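J.: Chain by chain, the residues run as shown.
Number of protein chains: 2
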Amino acid sequence: MPRKTVIKRIAPDLVVVGSLALDVLHTSTATARKILGGSAIHFSNAASLFCSVGIVGTVGEDYPHERIRFLHERGVDFSGLEVGAGKTFLWEGRYSEDFTGRQTIRTELGVFAEFNPKIPAHFRKPRVLFLAAIAPQLQLSVLGQVEEARLIALDTFKLWIDTQRDSLLEVLGKVDLFFVNDDEVRWLTGERSLLKGALAIRQMGPKWVVVKKGEHGSFLVSDKGLFMVAPFPVEEVIDPTGAGDAFAGGMLGYLASQSRFYDSTFRRALGWGSVVGSFYVEAFGPDGLRNITKTALSARYREYQKMTQVP
Amino acid sequence: MPRKTVIKRIAPDLVVVGSLALDVLHTSTATARKILGGSAIHFSNAASLFCSVGIVGTVGEDYPHERIRFLHERGVDFSGLEVGAGKTFLWEGRYSEDFTGRQTIRTELGVFAEFNPKIPAHFRKPRVLFLAAIAPQLQLSVLGQVEEARLIALDTFKLWIDTQRDSLLEVLGKVDLFFVNDDEVRWLTGERSLLKGALAIRQMGPKWVVVKKGEHGSFLVSDKGLFMVAPFPVEEVIDPTGAGDAFAGGMLGYLASQSRFYDSTFRRALGWGSVVGSFYVEAFGPDGLRNITKTALSARYREYQKMTQVP
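So the sequences go chain by chain: A and B.
Just so you know, we're using our numbering here: the first sequence kicks off at 1 and counts up by one.
Just so you know, we're using our numbering here: the second sequence kicks off at 1 and counts up by one.
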């Protein structure tokens with residue numbers, strides 16, 4: 001009689017709950033069709049360079065699983081990925097020539113419309129949890145399923161600030177770190193000054209607020225004061241899609257790899273976020289970090305330190 | 001018989017040639033009428049915190065000389081200031097609520113229309129010369145009068161790129177450092193990428209190119225590579241007028257106060273530029289630096305170093 005084998009699955013350092021999509025992207029010089037997209041993919045692409053990552057999300061029957069093999073090879077745990085009956089979330093958009101604007105041409109939610117995140121048992125005690133920009137109600141459901149995490153980080157969209165403000169405020173009261181872009185700071189707080197807005201958001205719950213200013217860098221507000229990071233300059237932007245998620249992935253991936261969180265740990269984490277974000281915009285979709293080496297990453301980090309230090 | 005007394009005037013460390021104006025400014029919350037304006041005033045207001053400054057410019061009979069007493073008290077040498085028959089340059093403008101846009105309501109050039117800079121004898125060998133954004137032909141005339149300078153720095157306007165491109169390129173070939181904003185980089189080089197554009201401008205002459213991105217900081221390109229400075233964050237912008245000139249004044253004033261120019265000297269200079277620029281936007285016109293103390297300046301510089309250092 002065969003013995004029953006119990007496989008204890010290894011808990012990933014970092015769990016992300018977010019979207020997986022296929023993107024059709026138009027820039028002024030090129031078009032990319034049905035490439036890998038979605039916050040969970042961009043985020044784990046960056047985070048898996050630093051720590052073990054588990055993904056919770058949903059895709060349709062049409063999802064090209066062979067194209068995420070590079071993430072499997074980096075040890076990303078897809079046991080929280082549900083394959084639903086229907087199509088994968090599809091987003092089509094067009095960027096303005098200088099990438100400062102983008103216009104949505106098509107959004108087909110597919111199975112993502114019914115997304116109801118179920119957290120696998122071995123995902124329930126990650127060191128770091130990242131709630132990507134999904135509906136606040138779903139984020140609350142995830143928080144109800146996760147038993148403990150050293151750091152819970154949140155992202156959102158303007159849509160949820162407009163339509164589900166109360167739920168979003170409830171989530172904000174339960175998280176440690178919040179990623180927010182400049183427009184969202186203003187929508188959420190009514191403050192014209194980003195700094196005042198970020199300070200106001202800290203009063204809503206999160207101890208750490210990271211304001212992302214797109215191509216203009218970002219800053220962190222915490223009880224240690226303010227820390228600013230300039231963007232690592234790239235010679236040519238090819239596709240900014242996912243750069244914000246990659247920034248968050250680099251930052252939280254680095255944090256999840258560290259045993260203690262000092263102020264300097266957060267500063268380094270923002271540095272890593274900037275560095276991986278800069279690789280991200282240099283190619284379409286996830287390609288900027290697909291074949292990246294530790295050497296190339298570290299070299300750019302050192303370059304970044306050097307080019308930002310005020311003596 | 002009285003002996004003839006020869007007074008040998010002391011050469012200032014830094015000479016600026018630029019405009020002196022009276023500004024009428026409208027922001028979304030206030031209006032300031034006929035306050036001190038013009039690049040030469042804003043620049044020397046900042047630079048005189050670091051070194052001795054001489055101004056070359058022109059004003060009309062209506063100029064309120066008593067209001068620049070604070071600059072006289074800081075040792076600014078106004079012997080290059082001509083008082084013409086007519087009115088002082090007047091500019092009236094309105095800022096958008098978030099200060100990202102500004103609209104000119106009125107420009108009355110007055111005596112500035114006939115400005116023909118004459119460099120006093122003791123101004124002809126400054127350590128640093130700053131050609132503020134006046135017509136390239138006038139900048140060339142200044143270069144013809146100055147005998148030597150360790151560093152010659154240039155600023156310009158989009159207007160001159162459009163209308164006097166050839167003269168501007170001639171000036172660019174004769175200067176060491178060029179201050180240029182993001183739009184001007186694109187107009188001058190046709191490059192969409194600011195970094196590529198700045199590198200292209202280096203090929204036109206200046207060894208140092210400082211790209212000013214307004215509220216998003218700036219970066220320096222030189223043969224030592226790239227150095228970026230994030231903006232010092234201010235809680236509330238009151239009036240951004242002159243902040244770019246004050247940034248240049250802080251940077252060049254610091255440089256003119258140093259005996260040697262190392263790469264680290266330029267980095268510190270950009271740091272000082274950012275710090276004085278941040279004080280500048282916190283009040284109308286020149287008031288942000290009018291009564292500033294060395295202690296307040298140094299405290300903000302240290303704060304700035306701390307909040308930008310990637311460990």
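Since the hints were derived computationally from the structure, they do not count as laboratory data.
Please note that the accuracy of each hint is not assured.
Stated by the list, open to error - The list that follows gives simulated cross-link-like pairs (lysine-lysine, PhoX-like), each with its CA atoms no further than 25 Å apart:
| hint | chain 1 | residue 1 | chain 2 | residue 2 |
| --- | --- | --- | --- | --- |
| 1 | B | 213 | A | 196 |
| 2 | B | 196 | B | 118 |
| 3 | A | 118 | A | 87 |
| 4 | A | 306 | B | 224 |
| 5 | B | 213 | B | 224 |
| 6 | B | 87 | A | 306 |
| 7 | B | 196 | B | 158 |
| 8 | B | 158 | B | 8 |
| 9 | B | 213 | B | 118 |
| 10 | A | 87 | A | 125 |
| 11 | B | 34 | A | 207 |
| 12 | A | 125 | A | 207 |
| 13 | B | 207 | B | 174 |
| 14 | A | 213 | B | 306 |
| 15 | B | 196 | A | 213 |
| 16 | B | 213 | A | 213 |
| 17 | B | 213 | A | 306 |
| 18 | A | 196 | B | 306 |
| 19 | B | 196 | B | 213 |
| 20 | B | 125 | B | 87 |
| 21 | A | 158 | A | 174 |
| 22 | A | 306 | B | 125 |
| 23 | A | 125 | A | 158 |
| 24 | B | 87 | B | 34 |
| 25 | B | 207 | A | 306 |
| 26 | B | 306 | A | 224 |
Since the structure is predicted, the reported quantities are computational estimates derived from the model, not experimental observations.
J.: Look at each hint and say if it fits the structure.
T.: Now for the hints, and whether the structure bears them out:
no., hint, in the structure
1, B:213 with A:196, "holds, 21 Å"
2, B:196 with B:118, "violated, 37 Å"
3, A:118 with A:87, "holds, 19 Å"
4, A:306 with B:224, "holds, 11 Å"
5, B:213 with B:224, "holds, 21 Å"
6, B:87 with A:306, "violated, 49 Å"
7, B:196 with B:158, "holds, 19 Å"
8, B:158 with B:8, "violated, 40 Å"
9, B:213 with B:118, "violated, 32 Å"
10, A:87 with A:125, "violated, 31 Å"
11, B:34 with A:207, "violated, 45 Å"
12, A:125 with A:207, "holds, 20 Å"
13, B:207 with B:174, "holds, 10 Å"
14, A:213 with B:306, "holds, 20 Å"
15, B:196 with A:213, "holds, 21 Å"
16, B:213 with A:213, "holds, 13 Å"
17, B:213 with A:306, "holds, 20 Å"
18, A:196 with B:306, "holds, 20 Å"
19, B:196 with B:213, "holds, 15 Å"
20, B:125 with B:87, "violated, 31 Å"
21, A:158 with A:174, "holds, 19 Å"
22, A:306 with B:125, "violated, 34 Å"
23, A:125 with A:158, "violated, 29 Å"
24, B:87 with B:34, "holds, 12 Å"
25, B:207 with A:306, "holds, 20 Å"
26, B:306 with A:224, "holds, 11 Å"
In this structure, the earlier hints numbered 2, 6, 8, 9, 10, 11, 20, 22 and 23 are contradicted, and the remaining ones agree with it.
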